[in-house]
Amino acid sequence: MIELVLSGRLWRMCVKELRETLRDRRTIFTLILMPLLVYPVLSLALQRLILNSVSSNKSETIIVGVSSENDIDLLRSAIQLSRQLTASDSYRPFRYQTIEKTEATSAVAKPTPKTPITDWNATIVQKPLKDSLEAGEVDLTVNITKRMEYLENQSTKSESSKDFLFSIGYRENDSRSEFALSEMRRMLQTLNEHEASKLRIANGLSRGVPFEILASAIAGESSMASSLSSVIPLVLVLMTITGAVYPAIDLTAGERERGTMEALIATPISRFALLFSKYVAVLTVAILTAMANLIAMFVTLRFSGLADVLLGDKGFSIWSVIAVFPLLIVFASFFSAILLALCSVAKSFKEAQAYLIPVIILSMGPGILSLLPSVRLTGTMAAIPLINMILMARECLAGDLEIIPGIIAVSTTLCYAIIAMAIASQLFGMHAVPQNTEVSWRSWLRAPTQHNRLPTLEHLTIYLALFFPIYFVAIHLPASLGEIDLQQRVWLNATATVLLFGALPLLFALWRKLSIQKTFPVGGFSRWWLTIPGLLLISVSMWTVAHEILVLSEFFGIASLDFERLADLEKAKTEFLSLPLLAVWVSMAIMIAMAEEWFFRGFVLQGMLGRSKNAQAAWISILISAILFGLFHTIAPNLLAIERFLPTTALGMIIGWIAWKTGSLVPGMIVHAIHNGLLFTMPRYEDLLRQWGLGIENQKHLPFTWIAGGLACFAVGILMVQAMTGKVDLKNVEKVEY
Amino acid sequence: MIFASELSKAFRTTHGQMNQAVDAISFTVSAGEVYGLLGPNGAGKTTTLRMVMGLLSPDSGFATVDGVRTDSQSAHKNQAEAVLSKLGMISTNDGVYPWLSVREMLNYFADLYGVPQALAKTRLSELAQLLDIEKVLNQRCSTLSTGQKQRVTFARGLMHDPPVMLLDEPTRGLDVVGSRTVFQFIDLLRQRGKAILLSTHRLDEAERVCDRFGLLHQGKIRYEGTLQRLQEATGREHLVDMFIDLIDQRGAA
Chain A
1 MIELVLSGRL WRMCVKELRE TLRDRRTIFT LILMPLLVYP VLSLALQRLI LNSVSSNKSE
61 TIIVGVSSEN DIDLLRSAIQ LSRQLTASDS YRPFRYQTIE KTEATSAVAK PTPKTPITDW
121 NATIVQKPLK DSLEAGEVDL TVNITKRMEY LENQSTKSES SKDFLFSIGY RENDSRSEFA
181 LSEMRRMLQT LNEHEASKLR IANGLSRGVP FEILASAIAG ESSMASSLSS VIPLVLVLMT
241 ITGAVYPAID LTAGERERGT MEALIATPIS RFALLFSKYV AVLTVAILTA MANLIAMFVT
301 LRFSGLADVL LGDKGFSIWS VIAVFPLLIV FASFFSAILL ALCSVAKSFK EAQAYLIPVI
361 ILSMGPGILS LLPSVRLTGT MAAIPLINMI LMARECLAGD LEIIPGIIAV STTLCYAIIA
421 MAIASQLFGM HAVPQNTEVS WRSWLRAPTQ HNRLPTLEHL TIYLALFFPI YFVAIHLPAS
481 LGEIDLQQRV WLNATATVLL FGALPLLFAL WRKLSIQKTF PVGGFSRWWL TIPGLLLISV
541 SMWTVAHEIL VLSEFFGIAS LDFERLADLE KAKTEFLSLP LLAVWVSMAI MIAMAEEWFF
601 RGFVLQGMLG RSKNAQAAWI SILISAILFG LFHTIAPNLL AIERFLPTTA LGMIIGWIAW
661 KTGSLVPGMI VHAIHNGLLF TMPRYEDLLR QWGLGIENQK HLPFTWIAGG LACFAVGILM
721 VQAMTGKVDL KNVEKVEY
Chain B
1 MIFASELSKA FRTTHGQMNQ AVDAISFTVS AGEVYGLLGP NGAGKTTTLR MVMGLLSPDS
61 GFATVDGVRT DSQSAHKNQA EAVLSKLGMI STNDGVYPWL SVREMLNYFA DLYGVPQALA
121 KTRLSELAQL LDIEKVLNQR CSTLSTGQKQ RVTFARGLMH DPPVMLLDEP TRGLDVVGSR
181 TVFQFIDLLR QRGKAILLST HRLDEAERVC DRFGLLHQGK IRYEGTLQRL QEATGREHLV
241 DMFIDLIDQR GAA
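Chains as they are written, first to last, in the working numbering: chain A, 1 to 738; chain B, 1 to 253.
Think of the hints as simulated: they come from the structure by calculation, not from any bench. Be a bit skeptical, because a hint or two may be false.
[To be verified] When the alpha-carbon atoms are kept at most 27 angstroms apart in a straight line, the in silico BS3-like pairs for lysine-lysine are as follows:
1. B:K149 / A:K347
2. B:K149 / B:K86
3. A:K350 / B:K149
[Stated by the list, open to error] A few chain B residues facing chain A, derived, Cβ under 7 angstroms:
4. F3
5. G95
6. T226
7. L227
[What the hints assert, rightly or not] Every beta carbon over 10 angstroms from chain A, so not counted as near; a handful from chain B, in silico:
8. E81
9. S85
10. D245
Glycine is no exception: its CB is placed at the ideal position from the N, C-alpha and C atoms.
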């Protein structure tokens, strides 16, 4: 693969696929013509829909709830006066209906809204105004305070000399209520303007206007317009899919149908490379489609005036378009892989279409679910494919995207893309040879023909891609379980770790018929009577190393803890100290150490070590496994604990080295467990430690004597393990290529 | 060059029964030799070729090219790639890329086989001349006639100049003139020292061009050897008669 990239062949392969696709009229049709047609038609339909819904709102009278007779009288006279003032103006029910092209610019001009003659019906409400508003009995509540009274009550001074304060309550996101509010504002504005001009004429000087508005919102149910704004991401996503569908079918099933697949498979290029070039082509077309759609949608919404209705005050800025575009790329990279995986199984165009239609219909389901305003991009939602991207696009357009769920949504989506590509590369070319009955979807799931192997890079990739979303949901689960006490949480955490890092890799290894003994070597190790003291020295001194690295990474600004979080930790620590020490050791030190060693030094490291032909390669394997170990430890619920990366990676290196030298996972488990146990025991003897000059809660360097002692201990331990285990025999290494 | 040992392959039919398509077939083809794999439809010719090619994995037995097994599962990755570079397969089922020009398509395949671009250019012009496709090089493949497509397919299979050629019914769908051109070309390839495994039912032409034959019926090689040996064994002079005898035997059985 590297050779293909370097020689430029892969690039030329991609260009060929793209050339083939883009020369096809059908691709161009979905790419350019569809967006050009769909959005104007869609916008017309939406305009009609909104118009109907709003005008039906207004055919009725707006009901205003007030609390006293006095208020009614005031309101009525205000209404009457405003009517007299605007009687000459023609009634324009809704500004979107009045969109006209001005001859000069031929652009769509937004007309100035005129004051409509609205029927107001003011009623006295017996219960509190807010309740009545919440119940939907009234569209608006008005409480009129005479300015003087108001000022006395508030005992504040105001420069304003307005006579009346209209305190208006309305339901947010309720188009009817919001419309009523805007009408009320407009009416009072008319009166104010009139009053001001009258006064100017009379006195020649300006005085404040009589009415002031204080609007306060209560949360209302979403109106049609705001749910329509969720339609935009859904439409964009679906259109991106449509763009990718045709090339995906054409470059896989189409290749078979044309009879070029057999010749292609017979070339010495790996199927993955072939598929990859096709993937690049499909992805490019999908991205081009997304771009075309985004532009078409932007232009349509902008110039039809729909953007304001659909997206509220913020409108539809070019920036929100730019922000949504990368999301569409992430989504396209995911869906292109899915499409290729599906089409790789199909023998013909027809068959591919038969596979894709249900998938596209199914993907509409979550898409529609994401239209609900109550569905937000949070922990679990962020890991659900498709939904996460639509929600993210929606929040991006609304301008209230949160970073962490966003990162999760993007990373899980990319993970799914990798899974889909891994599966697709297994399936691609399987039907190259007709009448071959040995291949189907099941063949990927079928037990492998080779037994007793070490995990390959492919196994690792597939496993990690499958595992990461599960892990992610699992660490967010305790939060959704509600209040459980700390002890339960600690045990739950330990059990989950054992299941995720212990049982799951084991099941995967059994399923893929990997060698259990080689993947998870838990045998004894040579000269244990001297190795074990060395291990103990390492375990008791390793925390000093970890601590110093932590302080250093803090120094270099690699930390994500804020004060709020530290306060939480402090609270957690106090609770934590109340747990029995034995329970802490078993659950948080031993169980977790065993499970993590099983996975990181077993499943992850052994396959790579087994294929390392020399010490250098072995070190690289250890480094990769350690980085993975470090990365996993940075994932904490709803935040990235970046400061944990360096210390954990360093520990991963040390334990990885031990696993390599001893050829067993047991020494690593011992070191890991003691190290964890010590970290959890130390806070219990805080006073004693403080006497020794170790303020462990402060992020500062340890006293020099401690660093020196720790390092000495550590070095002796390493030397003992090194001396007692000797050189690793690389001759027995399996000669297998990735 | 080619060595097939006890190749067997069975397929499951739609009714779930196993159909033994190829049954323990063995043969060898040396450099500069044309081996004709002959037999009625469904005799297992294409399946055999695909197993030699490594596109189908045999149920049992194996095939080697230059001493390296062609089934990718057991071969070392680099060796498997090296073997594939030595093989060229041309089949009637082969298609072309309708949206690419002939030149683009041939260059693409040369690139897949890792042929340096300069060398690919010379080979392309040489093959275009030999196969008389010079005029259509810049045309889209969708505009080609059947005969032109066939010749383009030939060129495609030869762009990497493989020492071993597997030809599966290369004359199907071609008229007499077209067929004759193809067989003349095969003759040329033999002269260039290529080992050729040819499956065909143009028996008259095969008789002329092939050095040795394997008469395949119901997945088994019934007769094998030079034309002279076949004539001795069957008592028939022409392949056509031997062929009819074979089919009649099936009818009798």
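To see whether the hints hold, each was checked on the structure:
A hinted pair counts as satisfied when its Cα atoms are at most 27 angstroms apart, and K149 (chain B) with K347 (chain A) qualifies at roughly 23 angstroms. Restraint check for K149 (chain B) and K86 (chain B): satisfied, since their Cα atoms lie roughly 23 angstroms apart, inside the 27 angstroms limit. Restraint check for K350 (chain A) and K149 (chain B): the C-alpha separation of about 25 angstroms stays at or below 27 angstroms, so the hint holds. The beta carbon of F3 (chain B) comes no nearer than 19 angstroms to any beta carbon in chain A, farther than 7 angstroms, and the hint placing it at the interface is violated.
At its closest, the beta carbon of G95 (chain B) sits 3 angstroms from a beta carbon of chain A; the interface hint therefore holds under the 7 angstroms criterion. Interface restraint check: T226 (chain B) against chain A, minimum CB-CB distance 30 angstroms, threshold 7 angstroms, status violated. With its C-beta approaching chain A no nearer than about 30 angstroms, L227 (chain B) sits outside the 7 angstroms limit, and its interface hint is violated. The claim that E81 (chain B) lies off the interface is violated: its Cβ sits roughly 4 angstroms from the closest Cβ of chain A, which falls inside the 10 angstroms cut-off.
Against the 10 angstroms criterion, S85 (chain B) falls within the reach of chain A, whose nearest CB is about 5 angstroms from its own CB. Its beta-carbon lying about 27 angstroms from the closest one in chain A, D245 (chain B) satisfies the requirement of being farther than 10 angstroms from that chain.
The structure shown violates the earlier hints numbered 4, 6, 7, 8, 9.
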